[in-house]
Structure formats: structure tokens, C-alpha cells
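**Q** For the record, the sequence lines run as chains E and X.
The opening position of the first sequence corresponds to residue 1 in the numbering used here, with each subsequent residue numbered one higher.
The opening position of the second sequence corresponds to residue 315 in the numbering used here, with each subsequent residue numbered one higher.
Accuracy of the hints is not assured; some may be wrong.
[Claimed, not checked] Taking beta-carbon pairs under 7 Å as the criterion, some of the chain X residues facing chain E (in silico):
1. Cys416
2. Pro417
3. Arg426
4. Ser431
5. Trp437
6. Asp546
7. Arg548
[As the list claims (entries may be wrong)] Per label pair, the in silico range of CB-to-CB distance:
8. Gly275(E) / Gln461(X): 50 to 60 Å
9. Val102(E) / Asp683(X): 28 to 38 Å
10. Ala333(X) / Ala94(E): 55 to 65 Å
11. Ile602(X) / Ala304(E): 50 to 60 Å
12. Asn307(E) / Ile602(X): 25 to 35 Å
13. Ala166(E) / Gln461(X): 51 to 61 Å
14. Arg384(X) / Asn114(E): 25 to 35 Å
15. Asp683(X) / Gly98(E): 29 to 39 Å
16. Gly677(X) / Leu171(E): 50 to 60 Å
17. Asp348(X) / Phe126(E): 32 to 42 Å
18. Lys598(X) / Asp286(E): 45 to 55 Å
19. Gly98(E) / Gly677(X): 50 to 60 Å
20. Asn307(E) / Ser536(X): 23 to 33 Å
Simulated from the structure, these hints should not be mistaken for lab results.
C-beta atoms are modelled at their ideal positions from N, C-alpha and C, and glycine is treated no differently.
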Amino acid sequence: MTGALANPRLLRALLPPVSLILLLAVIFTIQPRAMSYLGLNLMLNLALPIALATIAQLCVIAVNDLDLSIGAFVSLVACIGATILPENPALGLAALAGCIAVYAALGALIHWRNLPAIVVTLGMSFVWLGAAVLLLPSPGGSAPAWLSAVVKLRTPAIPFAILASALLALLVHLFLMRSSLGVVLRGAGGNPQAVRRAGWSLLKTKMAMYALCGFFGCLSGLCLVGLTTSADANIALRYTLLSIAGVILGGGEFTGGRVSPIGAVIGALTLTLAGSLLTFLRISPDWQIGAQGAILILVLALRALVNRTERRAA
Amino acid sequence: MPHPTAAPPPGTPFVALAAVAKSFGAVRALRGVDLDVRSGECLGLAGHNGAGKSTLMQVLVGNVSPDEGRFTVQGEDVAGRLTVARARQAGIACVFQELSLCPNLSVLENARIRHASLKGFGWRGRAARLITRTLDEIFPGHGIAPQALVSDLPLGQRQMVEIASVFAQGDHEAPLRLVILDEPTSSLDNSVAAQLLAHVRRFVSAGGSVILISHILGEILSTCDRIAVMSDGRVVDLREAGAFTRASLVEAMGHVVSHEAGETLVSAEAGRRGAVVASATTPKGGSIRLEARRGEIVGLAGLAGHGQTSLLVLLHNAAQGRSRYAAVTGRVAFVAGDRQTDGVFPLWSIGGNVTVRSLSRLGRFGLVDPAREKRLAEEWRTRIKIRTPDMDDNILTLSGGNQQKALFARALGSDAEVILMDDPMRGVDIGTKQEVYALVRAEADKGRTFIWYTTEFDELKSCDHTYVFRSGRIVAELGRHELTEARVLQSSFEGEAA
């Protein structure tokens, strides 16, 4: 009986890495030169900020909410990183800490007033965007030199983006999936009543998860501005949808506290590579967004198939 | 080791309630309850749905604060100050009727949710040992791996995990003194339920206290030392268990039940007549084919989780399209047993929950006619006696049994000719059951067909024909005159080393 049950679980866990490997295989066949340190570095250059934003989204999805403001938030952090941070590091860090506190407060508000997270975060996305425009009305600014140095670090053998993504996946996995605190945080997504009855505070778990989302959002914004060296208020708006797609691609569910940090990071890498693949296929930029959507639908359809086998096995 | 250490002398009150009252809005759930639970006793609590049992338990574990009255734990007044954490400190824990496990976590991770002391380095190993040890002690031969995800376990095993994680005694925790079991056996099959009741006796004889809430009267009568009967938010009777009989217990609950009612309604002919409206084979093979004829009540028996629910789902799917295994002629309706997952629409009104299956009939020009919808809801409110002031109230304002009645009303009020029932009487009081049995029989006589999966033997007596399931196959077929508990049990266990 366990063998039959392990099978769909294995499928679910295997889907993200298999889609990543397939995508890489296609890219390497079309463009063998991509199979090098330089090629991987170029293709996965922007993967790390997307992976961080995906992990941020995962924290909120784990407690059955959805953050529609993460793209705008990452943009704001990038703007802070390109304007305040180089001139006044203390003030810059304080601003970032303030942002995380606002995120925790949002979690508290959503829990207290029992508000739909989608509505609150959609509203907040305009607040974040407005703040970013106020801070940086036209594209510009410059990232602190140390930040660029860190994210453009040339590691031997394996590009930094891959190493950092792997480390991120591992650390978040250890915290959320293996630690005793992570169990309570995920439990709050699985059956909030049960967690409350066992004497845990749902308010605290929600605040913690939103604060974590803010924290990873900050890392994502800083990483992004370090790579691009200058910022723009609209720089990361597409991260909202990318991050949600990454979590789901990685084996997570919208409800029920089922998430997988390792899968989510792999999902983020896959989505980044999908963009490169389309360029290699010489698909005109007019069609690229649509083609990216088609790839997403394909992989999510595979996910739906996995879900179906799971249900059949149950 | 769920045995309390340093147990006080048996017989002293551990928890005492005096004139405890609690209202939720206009509903007075408790109207002055006087009750004490002594150390070293098992107190039975009986009463029909909505009598206030669940609210009383929520008060005892600190989830609900009483409006008035005195509430002492070991002589210390805790009224209005008891929280979940403090109740746990005092050694009070509860197995809730609606399971409180996180389905996305594994068995050992759920143990961690219950036991805050399981943390730090190596907590997974300790949690796995704790839960396995307790499962082994209460349910020998349970076959549950601590790493298994709860969502992969059948309902019965989930209930075993829930019970074990409450009885588990962590290393640095306050000793467990009072365990409240709210319908603990509703999803367990008989042999496992017997293991649990034996453990309750062991726990009690070691000086602990247990409050056992159950609608299975035999269980209460055989396990408990004293029995309290609740009705309308009060304790109306409290005696030694020996002073009760099945009949007097039912009488005290305020329902007059005629035991022979089922027998007198038996149709005279023993042979099966009428057109076959539903037939199915189990996908796992097996030689016996299930057949249900017009106007029949067909029972599905066997141990919990042996393929009965899957067969019902198969039949339901067959009505909508073709199926390799099943064929159904006519429209079907499904009465869910697991209310929370596939029964109620939690955000809808009671009326909306009742009429949803019939909306296509209630329409006019493609829009739902609110007057006709209301009429149908009101009709079933009176026919099935749903206890609510207003059918427009949210479905969750109802007690569990009344929610189940609304689900019955949904199926019976529809145009369905075949009604599939997935152990719908779980945790429903005996009065409601008798009402529903009579209704089912009356509807069957009008030509409807019922296919009824049940875990209670008594319910099979209402069936015209019974199929016994084992390991996903139909292993026996019993007509009404052949039905005995021994034969059902024999078929359920055959081939297994008992």
C-alpha cells in the first residue's frame, strides 16, 4: 500500500526538477555554447531575485493567503537600494526594517479583521508602487558598490546564481520543513483551528509568515538592484505573477499549507530559463509573453495530472 | 506512558462545574450545568444533538469562556481564566469530534503541534518515538508510520492518530489527568474501538479521568462508571452506569424510541423484485456484483475504509457518464459522511445548502426563483426538523447533527431516484437517527433506492440487502433474513489472522 502511495508523491516531487532538466536539454541542443560557465551565468543572471521573490510568496501561500503586492514591493526595495542605501546606509537599512514591520502589521490586520489577503495586498501594491515613484520618479540611481560586488561574485566552477539559489532552497527547507517552528507555521495553513486549539497563536504565525515574506522581498529587491546597478519604480512588477507561478510549479498548493521550498526555487529557475529558451528559438519579442504563458500552462497541466494520480491512489 | 503520576485518591472531584451558563448570541447553549468529574472514573455523557455537550467540552478545555457559574479544577476557581495552555498545564486534553489534525503534516509533525515540548535538536526522532509508543500501547497492530502524511491516511487511522497524540505523555509535560473523548469511535471499526475503550479503562484505573461522549449507547454503558444525560443545555440525569439500561438511557435523553419500529416496516417478500437501477463491481475485482433495485435499501458493510466510499463515488460518477465498473439509471444524489470536506458549503445559509441540489428545478427563465427556493427550504425544515430559528442563518450555526440533517434534506428534497449515503450517521444522536431511518424507509417505499454505507451494525438492520466489503472487494452478500452481526464480522475478517 505504501508503494502505491509513494508513487504520486514521488511524481509531485520530481516534476519541478524534471521540467528544469528538460528545458535545459532543449536549450543545450539548440545552442550548445550555452553549456558553459558563461552561458549559464548569462541565462541565470536574474534567477536569484526571482527565486527570492518566489520564496517570499511561498511564505504567504503557506498560510493560505496570496500576496499580490510582492512585485511592487521588490521594486520599492530596489529603489530604496539605489537611492537611500548608498547615501545613508543606516537610514536605508531602517527603511527596509520598516518595510518588513509593515508586512508583519499587514499579516496582523488580515488575521484580526479576517480580511481577504488578495484585497489587502492588491491595495498595498499601489502603496508600494506610489512610494517607489516618489522615491525615484525616473529610472536611475545607483546601487552601493558592495552590493553589486556581492551579487556579481565570480565563484569557481559553478555560477554564483546557482550556488546562492541552492543555498537559499536548502536553508528555507531546513527552517520550514524540518524545524519544529516551521511545522507550526505550516500547520497554521493546514488546519488553523487545530493549531489554535493546541494553544498556538494564529496571530503570531500569520505575522511571522508575512514578516518572512517582507524579509525575502527585501533580499530580492537588493539582489536585483545589485545586478542591474540602477533601479526603476516598475522594475519588478512582473515578479508578482512569476512568484505565484514558481510556487505552484514547485509543487505547492494555493490552500492547505502544502508548499515545497526546494521545488519553488527550481520553479523560479525554470521560469527564468523559459525566457532564454524563447530567445534562442528566435521568437519575436511580441510573441514571447504569450509563449511564456504557453510553457506555464503546459507545466501546470502536468501538475494537474500529478494531482489526479494522487487522488486516484488515495 | 499515558498514566498519570502521583495520582490523587480515587473519588475526589478533579473538575467541578456549578451553574455554568453560556450563550452564543440568541442561542443558549448551556443553561446552568452542574457536573463534577472525579479522579479515577470514566464519566459518560449522553444527549441528543444540540444538547450542549460539545460546548461544555469547549469550556472544559479553555476554548470557550462561560458567561456565568463556578468552575474549579482541583478546588481552584478558574472560571473565565482558563486558557488552552492553562488547561493543558492542569492536565486536561480533548479529542474533538471534528478532527483536529493538520492534513498537510506528517503524523509525527502533528504530534509536535500538540506537544510544545517537542523541539530543539533531534525533535523528529523524539516525536516519532512518542507517537509510535502511544499508538502501540493503545492500538496494537495499527500499522501507521510516523512519517506518513495525515492526508494519505483513511479517516479511521486519522482518528487513531488524533487519539494517540492526545494520550501521548511527553517527557517534560504536566501529567495528563483528564481526557475528553468526543465521539472517539465514530470513524473506528469495532475491533479498534474496543482497543480504545480498553485503554480508557486502563487509564482510569491508573487514577486518570475520562469524559466519554458517544452516541453508541452500548459503549457508554459498558465503559463508564457514571453517566450524565444532557438535554437543552442542562444535565438532566446523573447516575451510576449500572443503574441505567439502554432503554432508560434513551428515555432520559428525551426520545421515545420503539426498538421494533424497524422490524414492523419490513416488506413481506424476501425475494428481490423490481428493476435494477444501479449495479457495480469493485475495480479491484471480486466475483460478487452489487445490484440495487427500485425501492430497495442496500447496505454496504465491512470495516471502515475497505472500499465502500470509493464504490459510492464510482456509482455517482457512473450517473454522469459511462463507467467501466458501474451503471446507474436515473438521477443520483450523494449524502456525505465527512461533512467538513465534502458536505456543507460553509459560507452559505442553511436554506442554500438544502436547495443547492435542486436549483435547476427551482428556476424560472434561467434564474433561480427565490420564493420557490424558500418554500423548498421551509418544507424540509419542518419535515426533517432542523433546529434553527431561521433557514437564512449560516449553516455553521447548526450543531453537527443538524448540519447532517440539512445534507439529508438536500438529497431527499432533490429529484434523485438513487441516493448514495456515505456513512452519514457518524456522530449523530439516536433520536435524529430514528427520524432519518423512518424517513429513508418511507422514501424507499415510494420507489427511491438507497445505497447506504454504514459502520454501525444496527443500521444494516434497516437494509433490504447487504454487501460486505473487505480490502476493496465485495466478499459477501446477505439478504435481510440472513443478516447477523456474526456473519458480517466473519466476512469482514475472513482470511486475516485475527
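**Q** Take the hints in turn and mark each one as holding or not.
**A** How the hints compare with the structure:
1. Cys416: The hint holds - cysteine 416(X) has a Cβ within 7 Å of chain E, the shortest such distance being about 3 Å.
2. Pro417: Cβ of proline 417(X) sits 6 Å from chain E, so the hint holds.
3. Arg426: Holds - the Cβ of arginine 426(X) comes within 7 Å of chain E, reaching about 5 Å at its closest.
4. Ser431: Violated: closest Cβ of chain E sits about 10 Å from serine 431(X), beyond 7 Å.
5. Trp437: 5 Å, holds
6. Asp546: At 26 Å from the nearest chain E Cβ, aspartate 546(X) fails the 7 Å test, so the hint is violated.
7. Arg548: 26 Å, violated
8. Gly275(E) / Gln461(X): 50 to 60 Å: At roughly 38 Å between Cβ atoms, glutamine 461(X) and glycine 275(E) fall outside 50 to 60 Å, so the hint is violated.
9. Val102(E) / Asp683(X): 28 to 38 Å: 49 Å, violated
10. Ala333(X) / Ala94(E): 55 to 65 Å: 56 Å, holds
11. Ile602(X) / Ala304(E): 50 to 60 Å: 35 Å, violated
12. Asn307(E) / Ile602(X): 25 to 35 Å: Since asparagine 307(E) and isoleucine 602(X) have Cβ atoms about 32 Å apart, the given range 25 to 35 Å holds.
13. Ala166(E) / Gln461(X): 51 to 61 Å: Given a distance of about 25 Å, which is not inside 51 to 61 Å, the answer is violated.
14. Arg384(X) / Asn114(E): 25 to 35 Å: At 33 Å between Cβs, range holds.
15. Asp683(X) / Gly98(E): 29 to 39 Å: 55 Å, violated
16. Gly677(X) / Leu171(E): 50 to 60 Å: Between glycine 677(X) and leucine 171(E), where Cβ atoms are some 56 Å apart, the hint holds.
17. Asp348(X) / Phe126(E): 32 to 42 Å: 58 Å, violated
18. Lys598(X) / Asp286(E): 45 to 55 Å: 54 Å, holds
19. Gly98(E) / Gly677(X): 50 to 60 Å: Roughly 55 Å apart at Cβ, these two residues keep to the hinted range, so it holds.
20. Asn307(E) / Ser536(X): 23 to 33 Å: Given about 44 Å between the Cβ atoms, the range is violated.
Hint check: violations occur at hints 4, 6, 7, 8, 9, 11, 13, 15, 17, 20; the rest are consistent with the structure.
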